[in-house]
Amino acid sequence: MKSLMTAWLAAALLLVSQLAQADLTIEITRGNESATPIAVVPFAGGEELPEDVARVIHDDLERSGYFEPLPRRQMMDQPASADEVRYGDWKALDVRYLVVGSASREGDGYRLRFELMDVSGEKRMLGEVVTADSGELRGAAHYISDQVFEAITDIRGAFSTRIAYVTSQGVGDDMQFALYVADADGHNSQQVLSSREPILSPAWSPDGRKLAYVSFETERPAIYVQELGSGQRARISSFQGINGAPAWSPDGRRLAMSLSKDGQPEIYVMDIGSRDLQRLTNDSAIDTEPSWAPDGRSLLFTSDRSGGPQLYRHDLASGEQKRLTFTGNYNARGRFSPDGEALFLIHRSSEGYQVARQDLESGRLVTLSESRWDESPSVAPNGTMVIFATQQGNSGVLGAVTADGRASFRLPSAQGDVREPAWSPFMN
Amino acid sequence: MQRLIEGADERVANAQQGQQAANDFIALVRQAVEQSWRIPPNVSSGATAEISVRLGPSGELFVAEISSSSGDSAFDRSAVQAVEAAAPFAELRQLPAGVQRDYRQFNLRFRPGDVR
Numbered sequence: 003m004k005s006l007m008t009a010w011l012a013a014a015l016l017l018v019s020q021l022a023q024a025d026l027t028i029e030i031t032r033g034n035e036s037a038t039p040i041a042v043v044p045f046a047g048g049e050e051l052p053e054d055v056a057r058v059i060h061d062d063l064e065r066s067g068y069f070e071p072l073p074r075r076q077m078m079d080q081p082a083s084a085d086e087v088r089y090g091d092w093k094a095l096d097v098r099y100l101v102v103g104s105a106s107r108e109g110d111g112y113r114l115r116f117e118l119m120d121v122s123g124e125k126r127m128l129g130e131v132v133t134a135d136s137g138e139l140r141g142a143a144h145y146i147s148d149q150v151f152e153a154i155t156d157i158r159g160a161f162s163t164r165i166a167y168v169t170s171q172g173v174g175d176d177m178q179f180a181l182y183v184a185d186a187d188g189h190n191s192q193q194v195l196s197s198r199e200p201i202l203s204p205a206w207s208p209d210g211r212k213l214a215y216v217s218f219e220t221e222r223p224a225i226y227v228q229e230l231g232s233g234q235r236a237r238i239s240s241f242q243g244i245n246g247a248p249a250w251s252p253d254g255r256r257l258a259m260s261l262s263k264d265g266q267p268e269i270y271v272m273d274i275g276s277r278d279l280q281r282l283t284n285d286s287a288i289d290t291e292p293s294w295a296p297d298g299r300s301l302l303f304t305s306d307r308s309g310g311p312q313l314y315r316h317d318l319a320s321g322e323q324k325r326l327t328f329t330g331n332y333n334a335r336g337r338f339s340p341d342g343e344a345l346f347l348i349h350r351s352s353e354g355y356q357v358a359r360q361d362l363e364s365g366r367l368v369t370l371s372e373s374r375w376d377e378s379p380s381v382a383p384n385g386t387m388v389i390f391a392t393q394q395g396n397s398g399v400l401g402a403v404t405a406d407g408r409a410s411f412r413l414p415s416a417q418g419d420v421r422e423p424a425w426s427p428f429m430n
Numbered sequence: 064m065q066r067l068i069e070g071a072d073e074r075v076a077n078a079q080q081g082q083q084a085a086n087d088f089i090a091l092v093r094q095a096v097e098q099s100w101r102i103p104p105n106v107s108s109g110a111t112a113e114i115s116v117r118l119g120p121s122g123e124l125f126v127a128e129i130s131s132s133s134g135d136s137a138f139d140r141s142a143v144q145a146v147e148a149a150a151p152f153a154e155l156r157q158l159p160a161g162v163q164r165d166y167r168q169f170n171l172r173f174r175p176g177d178v179r
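From first to last, the protein sequence lines stand for chains A and B. Using our numbering, read the first sequence as starting at 3 and increasing by one per residue. Using our numbering, read the second sequence as starting at 64 and increasing by one per residue.
No lab work stands behind these hints: they were computed from the structure. Mixed in with the good hints, there may be bad ones.
Here are some chain A residues pointing at chain B (derived, C-beta under 10 angstroms) [claimed, not checked]:
1. 34
2. 91
3. 93
4. 122
5. 154
6. 408
The model shown is predicted, which means the values in this text are computed figures rather than measured ones. Just so it is clear, CB atoms sit at the ideal spot from N, CA and C, and this is done for glycine as well.
All chains, full assembly: derive it from the sequences and hints.
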């Protein structure tokens, strides 16, 4: 008996010592889904600048949904460079990253020097000098935001990209429509086209230099392609009936569109050089809103062939068409994520019309926005955000939501009803 | 023989006590790290990163490094930062002296449970 006991004890001892010596692994399964705290310190010498560069960076990072910038009044200190940083002060504020910098005049423009620090690791991650003319200060700030965002997330920043959108003002016969292009934060807007008739569906060429859009200026819908630099434009489709929903192929040589010249709206692909048309759909349903897969091998479109609107994928090589959405009875205006692994779309739920994301492999659909009348989702070129049109009170405004729905915001606009946003590709 | 068993008894009791203190320490590390972990957005489901941690004799952080990457550098960095922000783990000193050394090195496996 005793020897049995001894054996057991010995085994227990062995177990205990093994437990202690095994490579202990602690599972961490919970965390805060809040954005990462960062501080963007006002740039030393920044008072002399016509733009508050640190504020622009602060706002960019905040809107990304990835970061929660520390309010300035909570800063105990305003270091201008890495060697002035007292990490303990920032740790006490639970700040994880810190952006500091300084500004000075250089010739007719400015010289901005910035550094990024990992506060908890007490490491300098990045430092650079940027020069800018006074009219380019916001652009320089967006560039710095891009560098900071990429250094921390490994995802290319999209703060230097642009958005196109359509506005309308007035009522009845006094309606005035306009097509605008602005920075991704809504600032710096420039009018591209103005008309007394509706303008719809702006779409960026893959090089970011042209817009295709639908204009009713001849009182019938027609598709135009306009160069942004020169303002030069061409009417490329004005068949009888609907000429709608232009979408550029990734190589920029073809435009997919919806045409009703043969009866119901059908999906066509036009070779822009030759204007040759290829018809992709042929049925008695409405087929519209084409959008190219990032690899250019297939197209997404909306069809009501099953009764209500649902998204389908047309494979260009085989001609096969496959239904992709099955959640609920309304899924429309699909757009691929840049990696081609997910769709962003408008889904009707009991809450209303909302921006949703569907994972292509699992088929799982998740609603992202919290508004009720959303339209026209358009994905940022880095895939982290979706911009869309929605209603605020009685007017149309632009909203944006992170690709996982964690953060959302409204874009400011001073131009009446705003609709049909389109996020540009990366510009450079 | 009897003495040996008594001695063993005592060692088992000590070991159990030690194990209890160690469990408390592990729970504390987990809680502190979870509290300071800011999970970045758009994390793919199933993302897992392992951070190898080495502590000094007073629980101060010597090293927190990625031993197994999630493939998502923002996720990896958030995990390292969570450890750095949760440190030091001064409670290490409350462990029985004999086992403190065993708990100065461990792994943390970061795997969000309900991120969509």
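Restraint: residue 34/A near chain B, CB-CB cut 10 angstroms. Satisfied or not?
5 angstroms, holds
Taking the closest Cβ pair, is residue 122/A under 10 angstroms from chain B?
4 angstroms, holds
Mind checking the CB of residue 91/A against every CB in chain B and telling me if the closest is under 10 angstroms?
Because about 14 angstroms separates residue 91/A from the closest Cβ in chain B, which is outside the 10 angstroms limit, the hint is violated.
Does the interface hint hold: is residue 154/A within less than 10 angstroms of chain B, judged Cβ to Cβ?
7 angstroms, holds
Identify whether the interface hint at residue 93/A stands, where standing means a beta carbon of chain B within less than 10 angstroms of its own.
7 angstroms, holds
Proposed interface contact between residue 408/A and chain B, which counts if any beta carbon pair is under 10 angstroms
Holds: closest Cβ of chain B sits about 5 angstroms from residue 408/A, inside 10 angstroms.
Consistency note: the structure conflicts with earlier hint 2 alone.
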